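Chemist: Letter by letter, the chains look like this.
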Amino acid sequence: MKRAGITIVLCLICSLAFAQVKKFELGVNGLTCSQCSRNVEMSLRKLPFIKDVRMNLEHTEGEIFFKDNADIDVQRMARAVTDAGFSVRYMKGTYALSGINVSDGSCTTVLGKRFVFINTPAHTLNGDVVLQFLGDRYMGKKDARNWKPRMKNSCGGDTQPYYVTIVK
Amino acid sequence: MRKIFILLVLLFTAIAARSQELYPLTQPASTLPKNTLGVKAFYEGYDESGTMRNIFNLRLMYGLTSRLTVMATGILSNYHGKYLPFDFILHDHSGGGSSASTSTPQTGIYYPYIYDGTNFYAQYRFLSSDDQNLHFRMAAYGEAAYINVPSHETEPDLSLHTSGAGGGIRATYLRKHLAVTATTGFIIPFTYNGPTFDQYGGQYPTTIRYGNAVNYGVSLGYLLFPRHYSSYNQTNWNIYLELMGKSYSAAKVYQQDGIVTYYLPSTISLLKAGSYVDAAPGIQWIIRSNTRIDLSVTLPFINRSYTHLYPFYMLGIQRYFYL
Numbered sequence: 002m003k004r005a006g007i008t009i010v011l012c013l014i015c016s017l018a019f020a021q022v023k024k025f026e027l028g029v030n031g032l033t034c035s036q037c038s039r040n041v042e043m044s045l046r047k048l049p050f051i052k053d054v055r056m057n058l059e060h061t062e063g064e065i066f067f068k069d070n071a072d073i074d075v076q077r078m079a080r081a082v083t084d085a086g087f088s089v090r091y092m093k094g095t096y097a098l099s100g101i102n103v104s105d106g107s108c109t110t111v112l113g114k115r116f117v118f119i120n121t122p123a124h125t126l127n128g129d130v131v132l133q134f135l136g137d138r139y140m141g142k143k144d145a146r147n148w149k150p151r152m153k154n155s156c157g158g159d160t161q162p163y164y165v166t167i168v169k
Numbered sequence: 004m005r006k007i008f009i010l011l012v013l014l015f016t017a018i019a020a021r022s023q024e025l026y027p028l029t030q031p032a033s034t035l036p037k038n039t040l041g042v043k044a045f046y047e048g049y050d051e052s053g054t055m056r057n058i059f060n061l062r063l064m065y066g067l068t069s070r071l072t073v074m075a076t077g078i079l080s081n082y083h084g085k086y087l088p089f090d091f092i093l094h095d096h097s098g099g100g101s102s103a104s105t106s107t108p109q110t111g112i113y114y115p116y117i118y119d120g121t122n123f124y125a126q127y128r129f130l131s132s133d134d135q136n137l138h139f140r141m142a143a144y145g146e147a148a149y150i151n152v153p154s155h156e157t158e159p160d161l162s163l164h165t166s167g168a169g170g171g172i173r174a175t176y177l178r179k180h181l182a183v184t185a186t187t188g189f190i191i192p193f194t195y196n197g198p199t200f201d202q203y204g205g206q207y208p209t210t211i212r213y214g215n216a217v218n219y220g221v222s223l224g225y226l227l228f229p230r231h232y233s234s235y236n237q238t239n240w241n242i243y244l245e246l247m248g249k250s251y252s253a254a255k256v257y258q259q260d261g262i263v264t265y266y267l268p269s270t271i272s273l274l275k276a277g278s279y280v281d282a283a284p285g286i287q288w289i290i291r292s293n294t295r296i297d298l299s300v301t302l303p304f305i306n307r308s309y310t311h312l313y314p315f316y317m318l319g320i321q322r323y324f325y326l
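Protein sequences, first through last, are from chains A and F. Under our numbering, residues 2 to 169 are what the first sequence spells out, in order. Under our numbering, residues 4 to 326 are what the second sequence spells out, in order.
Because the hints were derived from the structure by calculation, they are not lab data. The structure displayed is predicted, hence computed values, not measured ones. Quick reminder that beta carbons are idealized off the backbone N, C-alpha and C, glycines included. Treat the hints with caution; some may be incorrect.
Incomplete in silico selection of chain F near chain A, CB under 7 angstroms [what the hints assert, rightly or not]:
(1) Ser33
(2) Asp133
(3) His138
(4) Glu146
Below, simulated BS3-like cross-link-like pairs (lysine-lysine); rule was C-alpha separation at most 30 angstroms, straight line [as the list claims (entries may be wrong)]:
(5) A:Lys169 <-> A:Lys52
(6) A:Lys153 <-> A:Lys142
(7) A:Lys47 <-> F:Lys255
(8) F:Lys43 <-> A:Lys142
(9) A:Lys52 <-> A:Lys142
(10) A:Lys47 <-> A:Lys93
(11) F:Lys179 <-> A:Lys93
(12) F:Lys179 <-> A:Lys143
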């Protein structure tokens, strides 16, 4: 009886968990001209789930907005930058989250994708959370080298999960 | 003149501003974005003793991958005749014998416009090291040209004069205040076989083995305006200085007269080994961050090229299409 009660409570918590991507921000390395910046923007705009891209030419950064209920592929966004001939300096996603439990090194499913939270104390995420994506594809080489020793948990799947850390 | 160019180089490297690597004449080590088509139409020309030599080029560029760019350039000009100039090889039939020798053809001769040929070019970027407002890149390139008109200069040139193949490497270092691209490569021209006609109407099978060449160059770029980027609609004003050189070996010219083939010594400057460095200051406007207009003037810096006279002008327009 007690077990059944716990299960019901857990299920209720599960059903209350909520996630939505509000926007992504990215920094691009190697950019020096407005035409190069435009190349990155046009490469990103080819992706079917992207609604709008706003590049900041002066700081070689950009904001990415998405179509409603789109299946967002972070890896494809990073590849779009390299396809344009440049590399990602940082990639951060602003997620509206509710009832998502995380802890350091734990595997968590967010919007159907497996995330490993690094350098994160155990707590429940509620509200707007900025996640920085870690690894070679999503940050400069020096930063990626620093994070690499902590990116070990593969969540037991065939494909690599997204490694993230909470920025805000 | 030399002092002015040295001063310009120092100026380029000293001024604090954003650099630019979209050189009017030289490719940077960077490549086109993947699945992007670039179209460039450009004119080159110079005054040859009162006759304008006009060369019209249409170039299609495509980013096959983010690292591999391929290009094809079609060339139309009034630069060449269908055959070698009649006064390029002179015959002397006096005194019961005959002899032949090379000579410098008359300049300013009228030639109708003709499709000279096509240049094919591929570049692979094999090294990239990026940081904020900074990159170092290296690329290898290869090119081949099919030119269907004869050249009477030993200097091989796959963009207009000679069929052949070539390759090389480029490195581009780009930091806020400095953009430098260094290029070095080689050109192996194909041998020309065709008839020449002398001043008496005689026809002689002729073979020219053009010189092999090593080419080298350094290009610098500097963004004049805008001082700060705020919109794609700002017209970019860029200035450039490109130093481009070549060292080539002498030509070997053979002519058949009846059953005898004669070797004609390369006694004229056009056929002798040589080396030179040209300097090409240029200006560029990039409109709406896509349409690019280039203007450059090539001048002799160290020695000179015998394939054209100076100043040698280039005016081009280029645009990307994102497929």
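Chemist: I'd like to know which numbered hints this structure contradicts. Please list them from smallest to largest.
Modeler: Failing hints, ascending: 4, 7, 8.
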